[in-house]
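2 protein chains.
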Amino acid sequence: MADAEVSNKRVILKQFVTGFPTEDDMELVTATVRLAVPAGSASVMVKNLYVACDPYMRNRMSEHNDAAYIEQFVPGEVLGIFGVSKVVASGHPDFKVGDLVWGMTGCEEYSVITHPESLFKINHPELPLSYYTGVLGMPGVTAYAGFFDVSKPKKGDYVFVSAASGAVGQLVGQLAKIAGCYVVGSAGSDEKVSLLKTKFGFDDAFNYKKEQDLNATLKRCFPLGIDIYFENVGGAMLDAVLLNMRMHGRIAVCGMISQYNLEKPDGAPNLFCLVAKRIRMEGFMVLDYFNTYTKFEKEMAGYLKEGKIIFVEDVVEGIEKVPAALIGLFSGRNVGKQLVIIARE
Amino acid sequence: MADAEVSNKRVILKQFVTGFPTEDDMELVTATVRLAVPAGSASVMVKNLYVACDPYMRNRMSEHNDAAYIEQFVPGEVLGIFGVSKVVASGHPDFKVGDLVWGMTGCEEYSVITHPESLFKINHPELPLSYYTGVLGMPGVTAYAGFFDVSKPKKGDYVFVSAASGAVGQLVGQLAKIAGCYVVGSAGSDEKVSLLKTKFGFDDAFNYKKEQDLNATLKRCFPLGIDIYFENVGGAMLDAVLLNMRMHGRIAVCGMISQYNLEKPDGAPNLFCLVAKRIRMEGFMVLDYFNTYTKFEKEMAGYLKEGKIIFVEDVVEGIEKVPAALIGLFSGRNVGKQLVIIARE
Chain A
-17 MADAEVSNKR VILKQFVTGF PTEDDMELVT ATVRLAVPAG SASVMVKNLY
33 VACDPYMRNR MSEHNDAAYI EQFVPGEVLG IFGVSKVVAS GHPDFKVGDL
83 VWGMTGCEEY SVITHPESLF KINHPELPLS YYTGVLGMPG VTAYAGFFDV
133 SKPKKGDYVF VSAASGAVGQ LVGQLAKIAG CYVVGSAGSD EKVSLLKTKF
183 GFDDAFNYKK EQDLNATLKR CFPLGIDIYF ENVGGAMLDA VLLNMRMHGR
233 IAVCGMISQY NLEKPDGAPN LFCLVAKRIR MEGFMVLDYF NTYTKFEKEM
283 AGYLKEGKII FVEDVVEGIE KVPAALIGLF SGRNVGKQLV IIARE
Chain B
-17 MADAEVSNKR VILKQFVTGF PTEDDMELVT ATVRLAVPAG SASVMVKNLY
33 VACDPYMRNR MSEHNDAAYI EQFVPGEVLG IFGVSKVVAS GHPDFKVGDL
83 VWGMTGCEEY SVITHPESLF KINHPELPLS YYTGVLGMPG VTAYAGFFDV
133 SKPKKGDYVF VSAASGAVGQ LVGQLAKIAG CYVVGSAGSD EKVSLLKTKF
183 GFDDAFNYKK EQDLNATLKR CFPLGIDIYF ENVGGAMLDA VLLNMRMHGR
233 IAVCGMISQY NLEKPDGAPN LFCLVAKRIR MEGFMVLDYF NTYTKFEKEM
283 AGYLKEGKII FVEDVVEGIE KVPAALIGLF SGRNVGKQLV IIARE
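Protein sequence lines, in the order shown, are assigned to chains A and B. Numbering-wise, my numbering puts 219 at position 237 of the first sequence, and it's gapless, one number per residue. Numbering-wise, my numbering puts 70 at position 88 of the second sequence, and it's gapless, one number per residue.
It cannot be assumed that every hint is accurate.
[Claimed, not checked] Restricting the straight-line Cα-Cα distance to at most 30 Å, the calculated cross-link-like pairs of lysine-lysine (BS3-like) are:
1. A:Lys246 - B:Lys181
2. A:Lys103 - A:Lys(-9)
3. A:Lys136 - B:Lys134
4. B:Lys246 - A:Lys192
5. A:Lys246 - B:Lys246
6. A:Lys191 - B:Lys246
[To be verified] Among chain A residues calculated to face chain B with C-beta under 8 Å, some are:
7. Lys(-9)
8. Gly237
9. Gly249
10. Val257
11. Ile261
12. Gly265
13. Met267
No lab work stands behind these hints: they were computed from the structure. Using N, Cα and C, we set each Cβ at its ideal position, and we do this for glycine too.
Please build the complete structure, drawing on both the sequences and the hints.
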């Protein structure tokens, strides 16, 4: 079986993207692949089970620019993507056939991973495997590191999370509650707002699309101001937040999804508030925290088993659904972590 | 003498300011004052010798807004201002007639200081007294704290300073050289650029008004990128800097003088670079560092005496010159620290 030649559906980037991505920017193609690694190679071949649609992928679809922070995709080649996979052939001593792993793979049915050291072993297969695209994967580490390491929360802090029902936001809110903070989230539909308040335990939440004046909204939600803003959206929300930060507040900049498709991003005219309020605004990247993964996985798996953290996913099935699912992130179509089932083992 | 009634010229704010301030927003009035403090009061009365024109004063001239960070001036009342003064009457045990002090005083010939605990004693009268409006006063502490405490320099770091010939900028550049950094400054005239390179020891400098493309200019000056940006100006310069920061760079936000007179500030469209490059951007206020003053004064006085730091002042004489001198800051008319002589002791 490990030597058979099989069909391999893959999603490739057709062309670099400007503005909002469309399904036409990607293409589903079918290739074939031998389920083997070259003799003497330390690669592994994996069968991809779940792949994650993540906002940062938009950045990789643009031609290189000064704000690029991760290798751009190559037109005509398969999209790189975080996924949960099973090893089907291995030339690497640390991986054997049948191992479950997560990490950067290709958006295709089978992938050759030439540097398998970048993969993480899955130590809690008793939890849903798909969680390794979310709460136990990259978004989980992002939320944990961004909240605890970058934001430096103290008990009683007032915390605001934007895109709060997303893969990262829902976790930041729950971690903030565990840390004894007061947490408010924003999201783009009443359904999501309800989820924040009833399922994730946010103290308050609002639908930003229904608010006329975000400054007034934040003043209503935070009469004493915001200590920590976990920034996922940028633009007008960031600008309103700046006016409502408290002295010595912290803004952990995780992402700015409202800005990714703009030719000319918005900036934040109220940036002088950084001085007036001695604010620390700090960008971070999850890649810098992957060396803490083992400790994180253990702690987060514990929270999940104890029911202290719950995780909501938006799941579609079939690799052909990836382009639509990925694009949906930018209109907020997904409710919770967007992932795609490629194969059920 | 201490009981005499004398004339007291004062500069008052006529009205709150919108946009660029003009001389007409202020007015010179003449009052009289008794050179005494009320019996039983712990106030001191000072004769003001030098006053400092500082950019932050613009913020106090606006009506209160969310970005305000210090008490607004009151129309009809004297401007608060940093100055060097001599005690002429005292009800406070820590101050006696003849003491030289610096701190927040009024823009007038004589001021009553009701909370003299906020004043600093002048311990190095052998240095020019005017230095206590600059290198040994508020701008000095600002430069020192912003550079060492907020920017956290390492030897060999690439440092960029805007408004580099100003009261704070000239010191940041010289401190960065003492710390073993490579330093480039920007200023608004060829005369200032020459000063940076020949007098303050900057490694390089440019006249931003002559550059077509600040991004290209910074790429030329910093082919490997910027580790520390000491931000004094905001706007287009900040936006270009963001594109040229190195990984884990630091932006110490001291001020944004290009923005203070704008109804709608510029923002910084390249703000996403904070994430891409894991940048820490942090606002700070000198008020938070005044408790370190004694140590600072000793160290800085040492540098001045050893000739390791030099300080350039732009001096005009006469209280009636204050409005023009203050307004001149916003067109960059001053070369070095702008101060006004009120009295020569």
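For each hint, the structure was consulted:
With a C-alpha separation of about 40 Å, the suggested pairing of Lys246 of chain A with Lys181 of chain B is violated against the 30 Å cut-off. About 25 Å separates the Cα atoms of Lys103 of chain A and Lys(-9) of chain A, which keeps this hinted pair within 30 Å; it holds. With a C-alpha separation of about 24 Å, the suggested pairing of Lys136 of chain A with Lys134 of chain B holds against the 30 Å cut-off. Among the hinted pairs, Lys246 of chain B with Lys192 of chain A is consistent with the structure: their alpha-carbon atoms are about 25 Å apart, no more than 30 Å.
Restraint check: the Cα-Cα separation between Lys246 of chain A and Lys246 of chain B comes to about 17 Å, which is no more than 30 Å; the hinted pair holds. Using a Cα cut-off of 30 Å, the hinted pair Lys191 of chain A and Lys246 of chain B holds, with the two alpha carbons roughly 23 Å apart. A cut of 8 Å between beta carbons decides the hint on Lys(-9) of chain A: the least distance to chain B is about 32 Å, and the hint is violated. The interface hint given for Gly237 of chain A is met, as the beta carbon of that residue sits about 6 Å from the closest beta carbon of chain B, less than 8 Å.
Interface hint at Gly249 of chain A: satisfied, since its Cβ lies 2 Å from the closest Cβ of chain B, which is below the 8 Å cut-off. Because the beta carbon of Val257 of chain A sits about 4 Å from the nearest beta carbon in chain B, less than 8 Å, this interface hint is met. Hint status for Ile261 of chain A: holds, given a least beta-carbon distance of 5 Å to chain B, under 8 Å. Because the closest C-beta pair between Gly265 of chain A and chain B is about 3 Å apart, less than 8 Å, the hint holds.
At about 6 Å, the closest approach between the beta carbon of Met267 of chain A and any beta carbon in chain B falls short of 8 Å, and the interface hint on this residue holds.
In summary, the structure is inconsistent with hints 1, 7 from the numbered list given earlier, while agreeing with the others.
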